[in-house]
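**Student:** Chain residues, written in single-letter form:
There are 2 protein chains.
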Amino acid sequence: MSRALEDYEALKLKGKNLQLLSSVSMLLEWDQETHIPTEGIEFRTEQIELIASLIHKESTSDEYKNALEKLIDIESGNIKSDALDDRKKASLKELRKDFIKETKLPNSFVKKLSKATSKGVNAWQSAKHENNFDAFLPHLKEIVSLHQEKAEYLGYEDHPYDALLNLYEPGMTSKKLDVLFNELKPFLKDLTKKLSKKKEKTAFLSANYPLEEQQKFNRFILEKIGVELNRSRLDFSTHPFCTGFNPKDVRFTTFTNATSFYNSIFAVLHEGGHALYELGLPYEDLGTPLAQACSLGVHESQSRWWECFIGQSRPFWEFLFPHLKEAFPKQLEGIDLKTFYEAINHVEPSLIRVYADEVTYILHIILRYEIEKAFIEGSIDVSDLPRIWNEKMEDLLGITPSSNAEGCLQDIHWAFGLIGYFPTYALGNLYAGQLYQTFKLKHKNFEEIIASGDLSFILEFLRDRIHRFGREFSALELIENATGSSLSSKPYIDYLTSKYL
Amino acid sequence: MSRALEDYEALKLKGKNLQLLSSVSMLLEWDQETHIPTEGIEFRTEQIELIASLIHKESTSDEYKNALEKLIDIESGNIKSDALDDRKKASLKELRKDFIKETKLPNSFVKKLSKATSKGVNAWQSAKHENNFDAFLPHLKEIVSLHQEKAEYLGYEDHPYDALLNLYEPGMTSKKLDVLFNELKPFLKDLTKKLSKKKEKTAFLSANYPLEEQQKFNRFILEKIGVELNRSRLDFSTHPFCTGFNPKDVRFTTFTNATSFYNSIFAVLHEGGHALYELGLPYEDLGTPLAQACSLGVHESQSRWWECFIGQSRPFWEFLFPHLKEAFPKQLEGIDLKTFYEAINHVEPSLIRVYADEVTYILHIILRYEIEKAFIEGSIDVSDLPRIWNEKMEDLLGITPSSNAEGCLQDIHWAFGLIGYFPTYALGNLYAGQLYQTFKLKHKNFEEIIASGDLSFILEFLRDRIHRFGREFSALELIENATGSSLSSKPYIDYLTSKYL
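If you're matching them up, the sequences are chains A and B in order. Number 131 in this note's numbering belongs to position 131 of the first sequence; there are no gaps in the numbering. Number 212 in this note's numbering belongs to position 212 of the second sequence; there are no gaps in the numbering.
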């Protein structure tokens, strides 16, 4: 083995230890959402904090820095050896970025922010419950102000918001987002208006489906889309989520409610999409960025792919609907495929983001993006949030919340300190739209194959174009490599147009 | 706050961090037994090893040693300040013992032993499966030899076996065990012979009880005996176990099998007994030995208390049997309380320890104790194990295994490196027997109260006499304090005599 390769392996071992620790933290969090007895949460919080501090200490240690410095100049980013292949070089560049990011924020600032968001989440919970924005306002003000500070610590080229955005979507800028969103906005507003006139019969959607039968059907779907159950597990939680401890142990959850079976199915497809990405990352590269997901936006592209592009498509249900009717003959009595398909694709402006359909969803994101960007640049006053929120809702979706609880207090994100995160939800749809365009070109008769119940070629496509690369490329490069063109909102617009018009 | 108290609090904080880490490890293990996907185990093993090494590093660090040395002289064991109360002094003495224990084994030896037992467990699994003792023999030889070495590292007064025994039951000696077991042996052999003549009708014990109904009934029992479900949870696993992350989060499991409901009930009572102990430890002392269980023997006394002394008693079922019949009228048709009670207390020599009744159980332990003690002193050859095992089975229980799989290969303990552990199972019964004698004296009409369905006074007794002390006293002191007399096998003999003769 060459010296450089030896050094790389030594660095990888350190990365592996960090991965062992960070997936300990993921287990602590997974257990907290799925299994912990209520009284156990206080101690659990301390455990999570301890592991986080161990990870921070280890990943910013001199020992770690030296191991990294042997291979890449941290100052300039120059790789010190030509003996490494391109993947390893890409990996080192990402490790350098991670190291710089990890060391940019002073410990005292991290603690201050963590304290503010911890209090912020508590305040938000009761403020939402009591529909009392004023109780949350001082916390939000502090969190926004700390994020302005955070942006300065992290550094940026054009806009301070980019510093925060880049934590979740490296390489993305508000300039690029503005272009994408400005194309989408008029189209989506217009499409929403056109479609929301129709009303479908949807009573069967909220019929009673026994939980055990739901899970049986959910597992059937998971098996069909390729989720390996010897490497993953499905549980219940209040808010569905997915967490990949490593590519051989991925956990995800769905809702537990007998009368919201369809929420559960689409949550299973959504989280199953995240799970497939985590399961498809190269295990042999564990300990390096090559075994990590590219970005949150790319992650979201995988979940939305299975939830919407495949899971709400006609061929998918051409195959699945007979199985569904067989499993639930009573609940679906008299419902035909057409009725069913239209019901699950019903478009209508609604107040709550997480229940939005695929046409209105991005409008919810644009609203939040415009507001949080303005927060960071200081161009709007945080105390004006309710008014601005409601005006934007009216402009984008033509409806106005009757309370802040179902308006500007609906999401936990800002309270939690996730500013710059929302755009990744929109980007996921755009990435997926562009992948879908390529997929259709590659598999001309894809609808026929899907309708026949053979779905394996879909996962193969995603494995080949997305999963196996980890963080070898940036999201924009990855999508361009996968589709042959740079990111645009047009494929998503085309997808919606051809589906709904 | 006095200087000593400040130092004590600082030390406690370090202990709290160690507790946070060790209960991370417990979660990793709990999840491995209950929820992990099969492919996740390899990575999990690495996580457990990493956390173990972090704990070892932290608990043997100079920083930790200095914090301890401020309060107690590690060499002599002298407490350096009189400002601390007796509980804190006891706590320091235990911390000193822990520190010395933790530093006595060289790292290289710990690694060698861990490798040998890790291979040993694998070899044992297939050896048991294939009934092939010879395949396990070289591993067992190495493990025994390493434990002879371990005993020398740890040090002992009379017998090298005591060094190992003390890891699980501090203060206990083989001399004391010999006395106790020599009293028990003739009595138990004789009682077994007398009782095993009778045969009961037990077909209903293996009837089909739907799993969901089982769990409902199990939870009813748990609620009755005082297990708080907001601080604990019951799951399923192949081998039932209990693990207390902290007194506000205790996890335990039972069997999942529709036709072994009674195994499940008694596993729930057994593990529920362990859980009640963990739940009863003082949370405010977390980070010190005062919030830790006294010994494995005392732990086992709590599980056997609920499983046998209460759970297989007549008054308990006088209360519970009508509820059971109501829940399972079909399975228990024509069965009256007398038949039921005799069936669950059926005594008969059997080959497998874990299924033994409360009369024969200790004979299984004596067999193992005599063999492992002889292993350590080198007075028998490891390769003679099958012959010696079978001879002892014949002598103690009057039966002979037809294969090594149901003979000397039945337990994982030796493969796992648990030599010196088995006696704690017997001691648990003796401790419980002695506590039971005191309990009966204190609550003269206890049978009446139990039969009426009020069980809360039982837990109160255990909380008051055992749980709240943690490791303030040694097991022998604790039992003597709780009962007013030093440990003897007589109360257990009396208990069995009055129950069975």
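Hints listed in this document are in silico derivations from the structure and should not be mistaken for laboratory results. Hints should not be assumed to be uniformly reliable.
A pair holds if it fits inside one copy or across any two, identical chains being indistinguishable in the list.
Pairs of lysine-lysine residues, derived as BS3-like cross-links and limited to a Cα-Cα distance of at most 30 Å, are as follows [unchecked claim]:
#	residue 1	residue 2
1	Lys14	Lys119
2	Lys80	Lys325
3	Lys119	Lys16
4	Lys440	Lys194
5	Lys65	Lys89
6	Lys89	Lys176
7	Lys14	Lys330
8	Lys14	Lys104
9	Lys57	Lys111
10	Lys185	Lys14
11	Lys70	Lys330
12	Lys65	Lys440
13	Lys80	Lys194
14	Lys16	Lys57
Every value quoted in this text rests on a predicted model; they were computed, and no experiment measured them.
**Student:** Please list, smallest to largest, the hint numbers that this structure does not respect.
**Tutor:** Numbers 2, 7, 10, 11, 12, 13, in rising order.
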